[in-house]
Amino acid sequence: MTTKSVLGEVRQVQLAVELIELGARLQFLEAEVGLSRERLIRLYKELKGVSPPKGLLPFSTDWYMTWLANIHSSMFYNMYRFMLHEANEPGLQAMIKAYRLYTEQIEAHGGEIVLDFTRAYTMVRFFDSDMLQLSPCSRCGGHFVAHAHDHKHDYVCVLCRPPSRAGKARGTKRGDEPVKASSMPATPILAVHSALGGNGVH
Amino acid sequence: MDIDGGVNNGDISKEIGDINLAYMLLAQKLAKQDRAAAMYRLGVGRELADLLANMSLTQIVKLATSNFLLCSFRLDDHPMFAVFGEGKDTSLQQAHMSILMAARQLQPRDTDALA
Chain A
1 MTTKSVLGEV RQVQLAVELI ELGARLQFLE AEVGLSRERL IRLYKELKGV
51 SPPKGLLPFS TDWYMTWLAN IHSSMFYNMY RFMLHEANEP GLQAMIKAYR
101 LYTEQIEAHG GEIVLDFTRA YTMVRFFDSD MLQLSPCSRC GGHFVAHAHD
151 HKHDYVCVLC RPPSRAGKAR GTKRGDEPVK ASSMPATPIL AVHSALGGNG
201 VH
Chain B
1 MDIDGGVNNG DISKEIGDIN LAYMLLAQKL AKQDRAAAMY RLGVGRELAD
51 LLANMSLTQI VKLATSNFLL CSFRLDDHPM FAVFGEGKDT SLQQAHMSIL
101 MAARQLQPRD TDALA
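As they're listed, the protein sequences go chains A and B. If you're matching positions, the first sequence starts at 1 in our numbering and goes up one per residue. If you're matching positions, the second sequence starts at 1 in our numbering and goes up one per residue.
Since the hints were made in silico from the structure, they are not lab data. It is possible that part of the hints are untrue.
[To be verified] Incomplete in silico selection of chain B near chain A, CB under 8 angstroms:
#  : residue
1  : Gly17
2  : Leu21
3  : Ala22
4  : Met24
5  : Lys29
6  : Leu30
7  : Gln33
8  : Thr90
9  : Ser91
10 : Leu92
11 : Ser98
12 : Ala102
[Claimed, not checked] Restraint ranges, calculated between C-beta atoms of paired labels, are given here:
#  : chain 1 : residue 1 : chain 2 : residue 2 : range
13 : A       : Arg11     : B       : Ser91     : 50 to 60 angstroms
14 : A       : Val6      : B       : Ser91     : 42 to 52 angstroms
15 : B       : Ser56     : A       : Val156    : 32 to 42 angstroms
16 : B       : Thr58     : A       : Arg37     : 23 to 33 angstroms
17 : A       : Ile113    : B       : Ser72     : 26 to 36 angstroms
18 : A       : Ala108    : B       : Leu69     : 23 to 33 angstroms
[Claimed, not checked] Residues of chain B placed beyond 10 angstroms of chain A at every Cβ, according to the derived structure:
#  : residue
19 : Asp11
20 : Glu15
21 : Asn67
22 : Phe73
23 : Ile99
Just so you know, these numbers come straight off a predicted model, no measurement behind them. No residue lacks a Cβ here, since even glycine has one placed at the ideal position from N, Cα and C.
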């Protein structure tokens, strides 16, 4: 997209700033913002003080299925769907507004943002390409992120039936490693992973 | 305690008026700030959100001084209450709530689309 008008370019810069502040990666910016790669990189450096991270975007749908990630993903995706279908916001604005609401709600309870912007964006792409779907919980009626074409007849969501050890790693009941637990955000998810693995045996 | 007493009824009317005014002012602020987010938070449609944003202060004050509440109860079905009955931690309950709330408002539209 070539934006000839000054105003149009200002808007693109504003959009880029907004997206960078939300934590968007360079790949995403290049796809969504009508500015050159060089300008985007300069903007990124000015805002964040560091070069944009290199490397691939996350590519696995499995991440969205682990306990805590599934809760956060479902929260975001329901908000996104609302923004898209109820509020009739165009795709990118729906993303931004839903992501704002999501982070706001998590931060209000002092929680940790499990779903970063890149994961959120990738998830939307997975939904668009029919790799993920929303499955209704047979107990609470809420819609949760699930693998596409995974039609379980009486699906119960991760909140109505949490895995037995879900979230326990967070509580740090054993007093010997509280520092470690708080400095390693990935710990609960890993713990839940192993708990889920253990559940599959019987 | 005489519930039917005139004084109490006056108090109740005043309390309702206060809540109405606070509610309307907040609703308008949200609607002016960002319509889409206001629709999500208030659970109202696009037309109502626009209407709220464009109301004058006089209109708001007039509307607020009625003796019935202007906002209605949003948790009107069983699963919503069940969520809070469980011994989960607050942030999980809030997460569960928001998933249910967002999906609920989409449901009528889904059935419309099917019809």
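For each hint given before, does the structure comply? Return the numbers of the non-compliant ones in rising order. 1, 2, 3, 4, 5, 6, 7, 13, 15, 16 and 23
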